[in-house]
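Peer 1: Protein chains in written order, with our numbering: chain A, 1 to 328; chain B, 1001 to 1290.
What the hints contain is simulated information worked out from the structure, not anything from laboratory work.
The C-beta atom is built at its ideal place from N, Cα and C for all residues, glycine as well.
It cannot be assumed that every hint is accurate.
[To be verified] So these bits of chain A aren't anywhere near chain B, every CB distance computed over 10 Å:
| no. | residue |
| --- | --- |
| 1 | 81 |
| 2 | 94 |
| 3 | 177 |
| 4 | 236 |
[Unchecked claim] Simulated restraints on C-beta separations:
| no. | chain 1 | residue 1 | chain 2 | residue 2 | range |
| --- | --- | --- | --- | --- | --- |
| 5 | B | 1006 | A | 213 | 16 to 26 Å |
| 6 | A | 290 | B | 1089 | 53 to 63 Å |
| 7 | A | 77 | B | 1030 | 38 to 48 Å |
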Amino acid sequence: MRNSAAPIKSSAPLNKRMRPKGDLRTYFQELKRDIIRDRILYYLLIPFLVWFLVFKYLPMWGIQIAFKDFSLFRGIGGSEWVGFEHIREFIGSEYFLRVFKNTVIISLYGLLICFPAQIILAIMISEVTRERFKKVVQTLTYLPHFISAVVIAGIVTTFLAPDNGLINLLLEKLGMEKIYFLTDPNYFRGIYTTMNLWKETGFASIVFIAAIAGIDTQLYEAAKMDGANKFKQIMHVTLPGILPTIVVMFIMKIGSLLSVGYETIILLYQPATYETADVISTYVYRSGLIDGRYDFATAVGLFNSIVALILVVSANKLSKKVTDAGLW
Amino acid sequence: MIESRGEKIFKIINNFLLALMAMAALYPFLYVLSASVSKPYNVITGKVLLFPKGFTFDAYKEVLGNPDIWLAYGNTIFYTLAGTAVSMIFTICGAYALSKKRLRGRKFFTILVTLTLWFDAGMIPFYLTLRDLGLINTRTGIIIAFACNAFKVILLRTSFEGLPDELEESVKVDGGNDLHVLLRVYLPLVKPGLATVGLFYAIERWNGYFWSMILLTDTNKIPLQVLLKKMIVENDLQSEFTAALDFSSTISAETVTFATIIVSILPIVLVYPYIQKFFIKGMLVGAVKG
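Isolated chain A, as found in the complex (with noise of 0.2 Å):
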């Protein structure tokens, strides 16, 4: 037994192989000897790692607060548990409709208007001949994706203002009235939608972009030799070339159906327009960081993070399924 550890001067992978099951103390010597040859990668990957468990690992830790009576004084260990409580609360309060509601539909306008039009203009901009021109082009529609979402808040307050913002000085002098957008409920969700159209259409369209280059040239060749107009082409060379990109991106967007970016509706929303802008991550955030409830805050995020993986493990069996294309 003892001489078992001998050959181990040969190459790692032909002595991996050798290695008979379950000898451990022949893999900790390999793993040694491996170590101490390449310590310079793990001396590389250990600050990495400290760091993903100390900022991303270690607050899962916390999340079991959703489950107590969370005290700062006694901390996450000596806070006394309540079980499904915080769940119970939320899963019958009257909000829970509400957000869960809003966070669905917001997400939904998102699927049906900002995600089709991405793919609009990615053909489209595949379809310029001119360099320069399809240049400029992109240019222009990326820029929004890389403004802040305060700026972008602010352009959309001060242009929708009631007394002197451009839209109402137009509205009025079409000889209409003037609307409070930003405080009416009923504009919220178009608003919202349209100020994403505008800023992120132009760069989410890159990944479809890339798609489309990497069709094949001779398909279109092919397709105008068979007397295909540029529609047909675009039916049934285009799309489907790009289906795969497709179903991956739709399955992605379906995973973050619950996770709309709050970010931009807290900037947004006011009190008068929380019955259509309130989503369940505000909700989160308005109860955990405002109103201190960090437990039931807790317990409403882990709601909606758990629904978000339901959902994109669905998606993504669906699509497998169906189109063979997925995630993983």
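With chain A held as given, fit chain B onto it using these hints.
Peer 2: Positioned in the frame of chain A, the structure of chain B alone reads:
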């Protein structure tokens, strides 16, 4: 192949619509720029639509004369430079290590990292962790707590994996170690990837407001976006300039807001065209290989 008439018509319509969309993307910025250098009376009566009317720089004088803005601007520059540098160090170290097949437990570590894209502890547990670590209201907290992002690590790892093994071998034959490989050979070869990842981190830092707003209670430490939020969204300015509606005034809450917006986005707009080509390339590398 010769273009048919239908194709020509398609092209004209397509180009026209694209030009329209490009203008729509640009218009709000042009309007803000023009309004910021126009007389308030012309702005609030709707005379400014595209070009400035009644040229004045007084709104900018007001903005640039405000010490709060300079302080916040300095903070933002600091958070952006220091934050991006720290982010790049962590990301490069991790991406290089994870790109090497000989790394023990590579698969496990990769899953550990990518899992954070799908499952996150959420806002409150994250906040409580930072609180327990004593990172509330500290500059260090802002810089360290948001240093890494799994998506960017994967993007850079993919770039590293695209380089041939022979490169590494040749450095090792010459007696170099992994650090030599990384610094002298790998980094210069993945410049588009580095530029993309760096740009994303930098833009996030420049634009980020939410966690700075939550974590920084000391007004001396707040970045520009948090100050902007106070000025624009919470409408702190309105009360200061209520009497600005007459024809002669050269400054109003609106024009000052617009000038502040321009001042805050100027660095991005100036740098953006130069690095655009890099991030498109980098994004494509990431997109094609997943």
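Peer 1: Beyond 10 Å from every Cβ of chain B: is that where the Cβ of residue 94 of chain A lies?
Peer 2: 22 Å, holds
Peer 1: Is the nearest Cβ of chain B still more than 10 Å from the Cβ of residue 177 of chain A?
Peer 2: 16 Å, holds
Peer 1: Using the C-beta atoms of residue 290 of chain A and residue 1089 of chain B, is the stated range 53 to 63 Å upheld?
Peer 2: About 35 Å separates the Cβ atoms of residue 290 of chain A and residue 1089 of chain B, which means 53 to 63 Å is violated.
Peer 1: Is the nearest CB of chain B more than 10 Å from the CB of residue 81 of chain A?
Peer 2: 16 Å, holds
Peer 1: Taking C-beta pairs only, is residue 236 of chain A more than 10 Å away from all of chain B?
Peer 2: Residue 236 of chain A is indeed farther than 10 Å from all Cβ atoms of chain B, at 15 Å.
Peer 1: Given a hint of 16 to 26 Å, does the C-beta separation of residue 1006 of chain B and residue 213 of chain A actually sit inside it?
Peer 2: Because 24 Å falls inside the window, the suggested range holds.
Peer 1: Does the Cβ pair residue 77 of chain A, residue 1030 of chain B satisfy 38 to 48 Å?
Peer 2: Violated, at about 56 Å.
Figure legend: structure checked against the earlier numbered hints; hints not met, in rising order: 6, 7.
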